[in-house]
Structures are given as C-alpha cells and as structure tokens.
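J.: What follows is the residue order along each chain.
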Amino acid sequence: MDRDATVRVADFHEVDLGFTEAEILIEAARCIQCKTPKCVNGCPVGIDIPAFIHACGVGEFREAARIIKKDNLLLAVCGRVCPQETQCQGECVLGIKDKPISIGHLERFVADRERKEGGIETPMRLPATGKRVAVVGSGPAGLSAAVELARLGHEVTVFESLHEAGGVLRYGIPAFRLPKDIVQAEIEQVRKLGVEIKTNHVVGRSVPVAELLGHDAVFLGTGAGLPYFMDLPGENLCGIYSANEFLTRVNLMGADKFPENDTPVKFGKKVVVIGGGNVAVDAARVACRMGAEVVLMYRRGEADMPARLDEVHHAKEEGIEFMCCTNPIKFIDGGNKAVAGVEAVRMELGSPGDDGRCSFAPIAGSNFILEADVVVEAIGQGPNPLLLQMLPDLVRNKNGSVMANGLGQTSVPKVYAGGDVATGAATVILAMGTAKIAARAIDKMLRGMSQI
Amino acid sequence: MYEIVKTYALSEAVFEMWIRVPQVARNTQAGQFCIIHPDEAGERVPLTISGIEGDLIRVSFRAIGTTTKLLASLPAGACLRDVVGPLGMPSDIANGPETVVIIGGGVGVACTPIIAQTAKIAGNYVIGIIGARNKDLLILEDEMRSICDDLFVTTDDGSYGIKGFASGPLQTLCESGSKIDKVWIIGPGIMMKVTSGVTKPYGIKTYVSLNPVMVDGTGMCGSCRVTVDGERKFACVDGPEFDAHLVDWDDFLARQWMYCPEEKQSVEYREAHHGCRCRKVE
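In order, the protein sequence lines correspond to chains A and B. Reading the first sequence from the start, the letters are residues 0 to 451 in numbering that gives the first Met the number 0. Reading the second sequence from the start, the letters are residues 0 to 281 in numbering that gives the first Met the number 0.
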C-alpha cells in the first residue's frame, strides 16, 4: 500500500508500505506452482520463485528467505527496486487473464520480516580455496559478485572509492524508494559472509593497478558513473546539475537537511528535470520533496519513457508535471551566471529509427521558455573513465563500456566485468545477474588453476 | 578513521595538518589532492596534498567555511571519518634541465613546496615566487627558500619583500628574456587568472591548479566541470592542473562561488549552534 501523496511529498520515508502478513498469505495462495515456472526464467539471478512462494504460503518466512538467499543476498533491495513487471511478474501465467503474483512484494516481505525479527541467517560458505579475488566497486554488481565468490570459498576484497558502500543503491536511488537502513543491513550481511569492503579506496589511485592485478582474479563492477551532458549553451550556469550530482548530494550527503548537514544543494523553487528514465523520475521526486514545483521534460512521448510505470504513476500523484515531446535547446542566464530558465522546443513524431523507436523531430517555431532556478540533466551515464584509463589493455565497446563475453571475461587475463560498466546503464538486477555469471566463471577459472 | 597527527597555524588564516593515511601517502605525487569528509554530517572537501612524510600527508587550508573551521578546531589525536586520495593527475613535471617558475599566492603558497621539490629532484632549475597580502600572512618562506634556486617574495602592501602582487617578479623575469620552460600558479581564482595573463604573450606553458566545487572527486558527479579549450573537463579526474591560457575563467570563477550564500548560511548555523555537531537522530 502506498502512503498518501500529500503526506509523502513532505518527507523521504518510504512510499510503498508493502503487504501485511494476511495479504501475503492470500497472495502466495494464488500461485499455481507451475511445473515449468516461467517466472524463474524472467529472473536475471534465477531465484527459485515457486519454492519461496510456497514457503510464504505456509507461513515459513525464514525458509522463504533461505531459498531466495541461495541466489540473491540483497533481497530487501531487489524486492523494492527490481522492475518485476518486465521480469518475473511479466512472465507469470496468471498475468494473462488476471493480475500476476506480486513477487516483488513477497520477496520484500520475507526480507523485512527476517530483518525485523533479528538473527538474519548468513548463507554457508564452501571450504576456503586460498584464492584472493579483488572486486572493484560496491554497487549491485560488485556486491553480488563478492557474495557469490565468498560463498564459493574465495577470499574477497571489495574496493569502494566513496565513503559508504552500496554504489547506486546508496547515492543514486532515493530513500523513499529504498530506505538507506535497509541497504546498510544487507551490506552488513555481505560483510558477515566474510567479504572485506574497503571504502575510501580508489583503484588506480590509492590502490595501484599492479596491486589490483596481484590478486588471483579481478571483477570490475564500477558501474556507469560518468554523467552525460547535453552540450547546450549555458550548461555551466550555476544551478544546473547532472542527476548524479543532485542525487549524490541528497542521498549520500544528506543535503536535503542542509544546514543541519554541511553539504548544500540548491533546493530550487522551479525545477526542470530533463530525461525520461528512472534516474530522471527519481531526481524529480527528490526536488519535489524539497519543496519545488517540478517539471519533467522528455523529448519523446510518455509511452516511450524508459522509467518504470509505477514510478511515473507515483511522480504524477506527487504533483510532478510531465512535459513530453519537448526538448531543451538552451539554458537562460538570469544575469548572475545562475540559470533562470530553459529554452525548449516541441517535438513531433517522425519515422522509426534503427532501434525501432520512433524518432522525434523539433517543430519549427515552437520555441518557448520555461522558468527554472534549478535544472537537473538525467540523460544517461557512461562508464567511469578513472579506472579504465589505468587499464589501457582493456578493450572497450563503441559506447565506452568494457567489452566482456557472455561469461564476463574481458580482454585482460584474470579480469572480469559485470554490471553497467560492461552492459551500459541498466537495472540493479541485470547488473547482479551479469555479476553472478562472472563470479561463477571466475570460480571455474580459479578451480582450474588449482588443479594444475 | 584517520588520525590527525600534527596540526598548527601557519598564519592567522592558514592552517596545516598532518594526517595518517598510508595508502594515500604511498601513492601521492605532486599536484594531486585528497578529499576529506570530517564526520557524518560533514561535507566532502577537496584539499591539495601539500606534503608527504612516511605514512603522513599534509594538507593546508584557510579556515573560512564550515568544514575548514571545523578542521582548524580539531586537535592532534582527533580522527577524521574519511580521507580519500590521491585524486587527480600529478603535475606535468619533466626531467630537467628545464627552468620552471612556481608561484603561490595566499594559501596557495602551501601547495608550492611539493611541486618545487619534485621539479628540483627531477633536475630542473626552480624559481619560486610567493606572495601574501602582508608580512604576517606570508607562509612557508623558509621551506621554499631551502628548495628553490631563486626565490622572490612579494606582499601587496610592501610590508615585506617586493611590494605588489606575485605577477610582478614574473613579469620582470619574462621581460628580461630569461628562458622559462614552465610556470605553475597556485592561488585564489582571480589571482591565477591575472597572473597567467603575464605569460600568455610569451607563449610560456603555464599551469594553474583549479579548485572548483566537488562532491565525489572521481568523475562521477560533474560538479567540478570546467571549460578548457572549449571542451568540458572534470577537474577531479582530468585536472586539477590545466593549461592556464586555455581555461574559461569567467565560467570557472562563477561556478566556484556558486554556494556562497549557502556557505554563509552554514557558518551562521554552526555559530548559532555553538559549533555543536550533534544531530537529531531520526
């Protein structure tokens, strides 16, 4: 159940309150326990969904947690931020005639129940192999790879450049979608499994590449941390942020509580967010909670928005105006080197492009100016160049991401990659899926080595 | 947690502290910086690493904002929550013999010895120019004198050394036709802009160390974007040193002061709360 929009826009507490135990039992009982379950195919990490739903149905929530944790240790996180509608729930056969099972809510309930009861069970580890693996980045990909490798008996060190672990779970996704104490609790589980997470360690700077490559294997999970900008006139005016910066200031540094916290952010009275993905919607909803009137500007039609439907729906409830088929062309200087407005142009539908999506073209003479004292650009991110420039032998794709095969192997021996740094910006769970595959490939490689 | 081993004032405005951060000290080269996040409620502030000794790094700062005032108030033995580095690219110091001029203004002087020393060890002829508003604010003269082959000292009011700005001796050197291969200028934004104007007509490669607002310091947020030769650069990963003659100074100066009103508000808030950093726990 969602909290009322008028109440929730005044704080950063969670929007969706989840299911009650009674609702969970009813929901779990709806599952028809397919012999060849399609939901599992839809899950990038392959959780045994029917088994965990069955455990829920008989009230065995700890057992349900145990089942999920065989494949995913970040269950409270994934129960909240996975796009279930296009994955497990999208495959659910009940969805053909009726509503699919709310698998995400079940997963979340199981995780929350175990955490609240205390005594969270840490999965078993295989006997120590004596192999040392370095994981770069502690976001969804890095954590998943670390967990998988640790369970398989390897000694894992995770290097994180920020002062908190979690990557995008910490700095990117706002607390009203993913409360930070939950992220913290799940990362604690990763540590309990024996994974060492070293924050404030920048590979390529405080951890030399030679030291990194001194490990028996390396997993790169550095994500898509480089913000793209639109290259429009006036882009460097004060008050114009990348979504990464805006969200990091608030989610990681607590700038919404300035001056109680020292990090400032321009709250803005009229905020324009540019983009149509989850990051754009997150930024818009953050700005809204800091008291701004928010317009989300997107160059294509609303149906083309890559953001999750749920989030778009929530954003609208919270009073965010969606201005689709509109593209910014210039930022207006208020005369003091601070942004005062966005000049934009209306777009119309053209013919479909190579990717099958229709391209939109500007309508001549449709220019107008939208007042804004804060602008947030959320038009996508690329792989962070810092580490990659230190590993020149790493072959990259055209878009700059690290080239990795289906097993996560890169062009450098012993170095694997997964998550956004290899796939380009995607979802938390896809990052976890690729990381898990890479971790298993690393395990195979390391065990092969031991036999020699 | 990272221990402050030594801390002291260099002048009434400039403070220095030595912090134990082995992994940073081991890997730092001249020109790089670190980010300090003093405590949970604190800001991440970038500070140039101005010295290295064993496991220790030195940072130097003016106590003007909330974070720098807090840092100045911490005693030796106190711990900082986070220190990360070295960040940014090292200074482009070539093996000599080249003639290099290293100029520091105000607190920027604190960052000159590490560059001067590296240049000296690399076999270069090192000329230093350090300046301050007046004699009392001048710092690190002895340290620079012990490193540099030549040292000029300026004060704005003429209370010590040559009267005027650090650009004066640089102008004289340029006009005298002495061979200068590279110049480094470190100081307040406007000082770097003006001083680098001196070498421009002579086509002398001139570096400035830019200190825009940063958050992560690893290329992730874009807060520190600066325009250099018409291109967007991130000072945290592409810099902090850039060719002074290619920097868009108006852009840089405006962005540097973006949070002036918030800075003032923050300092007032801290003063009103007696510097207390306890927070209401939700």
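The set of hints was computed from the structure by calculation and includes no laboratory data. Don't take every hint at face value.
[Said to hold, decoys possible] Once the Cα atoms are required to be at most 30 angstroms apart in a straight line, the calculated BS3-like pairs of lysine-lysine come out as:
hint : chain 1 : residue 1 : chain 2 : residue 2
1    : B       : 263       : A       : 268
2    : A       : 96        : A       : 115
3    : B       : 232       : B       : 162
4    : B       : 134       : A       : 336
5    : A       : 256       : B       : 134
6    : A       : 115       : A       : 197
7    : A       : 197       : B       : 232
J.: Quick one, are residue 134/B and residue 336/A close enough, alpha carbons at most 30 angstroms?
T.: Violated, at roughly 36 angstroms.
J.: CA of residue 263/B to CA of residue 268/A, is that 30 angstroms or under?
T.: Holds, because 20 angstroms separates the two Cα atoms, which is no more than 30 angstroms.
J.: Keeping to a limit of 30 angstroms between CA atoms, is the pair of residue 256/A and residue 134/B held or broken?
T.: 41 angstroms, violated
J.: Given the hint that residue 96/A pairs with residue 115/A, does the C-alpha gap stay at or below 30 angstroms?
T.: 36 angstroms, violated
J.: Starting from residue 197/A, check that the Cα of residue 232/B is at most 30 angstroms away, please.
T.: 28 angstroms, holds
J.: Taking 30 angstroms as the top limit, are the C-alpha atoms of residue 115/A and residue 197/A close enough?
T.: 27 angstroms, holds
J.: For the pair supplied as a hint, residue 232/B and residue 162/B, is the alpha-carbon distance within the 30 angstroms limit?
T.: Judged against 30 angstroms, a Cα distance of about 36 angstroms means the pair is violated.
Going down the numbered hints, you'll see the structure goes against 2, 3, 4 and 5, while the others check out.
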